[in-house]
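Those protein sequence lines, which keep their order, are chains E and P.
If you count the first sequence from 1, position 136 lands on 135 in numbering that gives the first Met the number 0, and the numbers rise without skipping.
If you count the second sequence from 1, position 88 lands on 87 in numbering that gives the first Met the number 0, and the numbers rise without skipping.
Heads up, some of the hints might be wrong.
Said to hold, decoys possible - Far from chain E by the CB rule (all over 10 Å, computed), these chain P residues:
no. : residue
1   : Arg23
2   : Asp119
3   : Gln120
4   : Leu141
5   : Ile143
Stated by the list, open to error - Among the chain P residues that face chain E by a calculated CB cut under 7 Å, a handful are:
no. : residue
6   : Leu6
7   : Ala12
8   : Ala15
9   : Phe18
10  : Asp19
11  : Val20
12  : Glu24
13  : Ala26
14  : Ser30
15  : Val31
16  : Trp55
17  : Ala110
18  : Val129
19  : Leu152
20  : Arg156
No lab work stands behind these hints, which were simulated from the structure alone.
Glycine included, C-beta positions come from ideal geometry on N, C-alpha and C.
These are the residues of each chain, in order.
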Amino acid sequence: MNCIEAAEFASALCDGEIIPPAAAEHIGTCPVCQALLREYLGLGAELRRTASLEQPAPVPARVWTRPRNPLTAFLQKGWGTMRIPRLGFAAMIAGIVVLASTLAVVKVGAHSTGTVVLLNTVGPNGPLMDCPLSTQDTKQACDWYGKMGSQNLAYRVRLLSRDGSRVLLAIRTRTYTKGENLSSFTFDADPAEAVKEVWFEPGEPLKLDVPDVGALSLTGEWMDHMPILMGSHGQDISPGPGEIRIASPLLLKDKTLAGDLVSVVSGVFSMDNQDRAMWIYVPGQGSFLLSLSPMKGAVEAHVTFSRISFEEGGHSWEFVTGAPVCRGDYIWVLHQPDFKVNAMGHNGDEPFVKTQLLVQTASGEWVPTGRQ
Amino acid sequence: MLDDRELGKKISAGDARAFDVWYRETAPRLSVFLRHLLGNPQAAEDVMQDTFTQVWRCSQGFDPDRGTLRAWLYGIARKQAAEYWRRYKAADPLEIENAAPGGAEASSIMADLLRRLPADQRTLLWLREVEGQSYAELAAILDIPIGTVRSRLFAAREALRAIWHSAPQGVPNELH
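Based on the sequences and whatever the hints tell you, model everything.
Here you go:
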């Protein structure tokens with residue numbers, strides 16, 4: 000071992016460490032390493048002497064407090080001051096847990112004791128409709144008309160009867176080839192159309208094959224009430240993108256009631272086609288077309304949640320509805336005060352809410368066609 | 000006199016009286032150490048107080064199986080000092096060399112020479128030579144393997160020796 004190798008062990012010796020025999024032997028006989036060892040020891044002593052010269056400053060008195068967790072403090076205090084037997088208290092807590100669990104089980108089991116089946120239908124292109132059907136009013140029906148691929152589809156569901164946890168559904172479907180006017184069709188006008196009766200158990204999916212369209216998928220659940228808002232899939236109270244919703248609308252003209260359409264739309268009327276406008280007819284006030292697309296001759300109306308306000312013909316108008324109308328702050332309203340509904344075979348004394356087809360001009364404006 | 004384990008238990012349990020006794024015993028020496036580490040008496044006082052505050056708040060974090068209470072305290076103090084340097088952007092302690100020293104420091108050649116060492120070496124030498132911390136305690140304080148302590152101490156001693164010998168004229172370079 001040489002002095003360079005032994006130097007680190009000389010340092011270790013200062014610290015009272017045991018070093019290898021070879022290093023100890025070298026340091027014991029080498030005057031250079033012994034001098035280094037003395038130097039290290041001297042530096043250490045000088046350091047301690049320096050520290051000893053320091054007058055430690057008096058430390059300020061402090062109060063040591065720790066923020067306590069309020070819940071922990073409450074529990075600790077409650078446990079410490081408890082006046083009933085602690086075993087009894089623990090048994091009570093256990094009882095509450097068991098009771099709550101039992102109630103939860105009962106609640107889960109209660110789903111089959113409802114009187115309304117919320118039926119969801121999904122087609123090959125996505126959701127068709129949510130349909131609440133009551134077991135106590137078998138005259139109700141849910142209809143859906145629309146394009147399904149290259150076909151037009153008309154779809155109606157009714158609930159005929161109930162047997163325990165399952166229901167008997169009457170399902171009618173009809174497809175139309177492209178070009179046929181689907182809007183003129185109603186099942187009521189075609190009673191001879193075949194009815195398919197199927198048993199359906201909420202919770203169990205059901206597949207229904209429709210020729211030329213594909214499979215419709217039905218799922219459902221029991222509910223204990225008829226839902227109020229049934230405008231869109233999933234019952235989200237927020238309108239979807241491009242969607243217009245009208246629920247039990249009232250029309251105010253110069254702050255005075257000019258039309259009440261609750262008898263026409265007792266629930267929610269919804270549409271989300273850009274090439275269609277919401278078409279509201281109010282006897283004595285004319286026709287109102289509502290669209291998110293700019294229509295020729297229309298005015299821009301301000302939308303505030305469930306109110307549509309606009310100025311037109313020297314009057315202030317406001318539709319007040321029971322649900323948010325659309326996502327945006329503005330909507331286009333085309334008022335046609337002299338629109339004659341008699342020409343389309345409709346009684347002019349009865350209000351209606353429908354949709355009307357729009358066509359887009361080369362300039363980008365949308366023009367109503369008068370067709371549903 | 001309580002041993003580390005008992006004292007640690009009392010402090011962890013929130014025994015303010017036991018902690019205050021320990022604070023009064025330990026704080027003066029910690030304050031001197033921080034004064035030499037930071038070179039600024041006011042900063043040392045602030046860091047010392049912050050260190051005890053943190054120790055009191057996080058006393059459940061003390062594990063007697065991993066080291067002594069004193070090593071834990073000095074480890075936290077070292078981290079608080081590093082945080083002080085980071086906050087005031089004085090990465091090199093020499094930047095604060097000109098800070099006004101205490102009266103005793105001004106008269107100490109060793110204190111001046113010590114300040115010229117890198118902070119890590121100054122810390123290591125002080126804790127070993129003045130505080131008498133063991134290799135195991137130093138390893139815990141500095142977050143380094145125990146085998147590294149010996150080589151770092153050797154390097155620190157060599158650095159101090161070199162500074163001592165290169166001291167300007169008028170500074171004695173012989174130890175008596």
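Evaluated hints:
no., hint, result
1, Arg23, "violated (6 Å)"
2, Asp119, "holds (16 Å)"
3, Gln120, "holds (12 Å)"
4, Leu141, "holds (15 Å)"
5, Ile143, "holds (15 Å)"
6, Leu6, "violated (14 Å)"
7, Ala12, "violated (11 Å)"
8, Ala15, "holds (4 Å)"
9, Phe18, "holds (5 Å)"
10, Asp19, "holds (6 Å)"
11, Val20, "violated (11 Å)"
12, Glu24, "violated (10 Å)"
13, Ala26, "holds (4 Å)"
14, Ser30, "holds (6 Å)"
15, Val31, "holds (5 Å)"
16, Trp55, "holds (6 Å)"
17, Ala110, "holds (5 Å)"
18, Val129, "holds (4 Å)"
19, Leu152, "holds (6 Å)"
20, Arg156, "holds (5 Å)"
The structure does not agree with the numbered hints 1, 6, 7, 11 and 12 stated previously, though it agrees with the rest.
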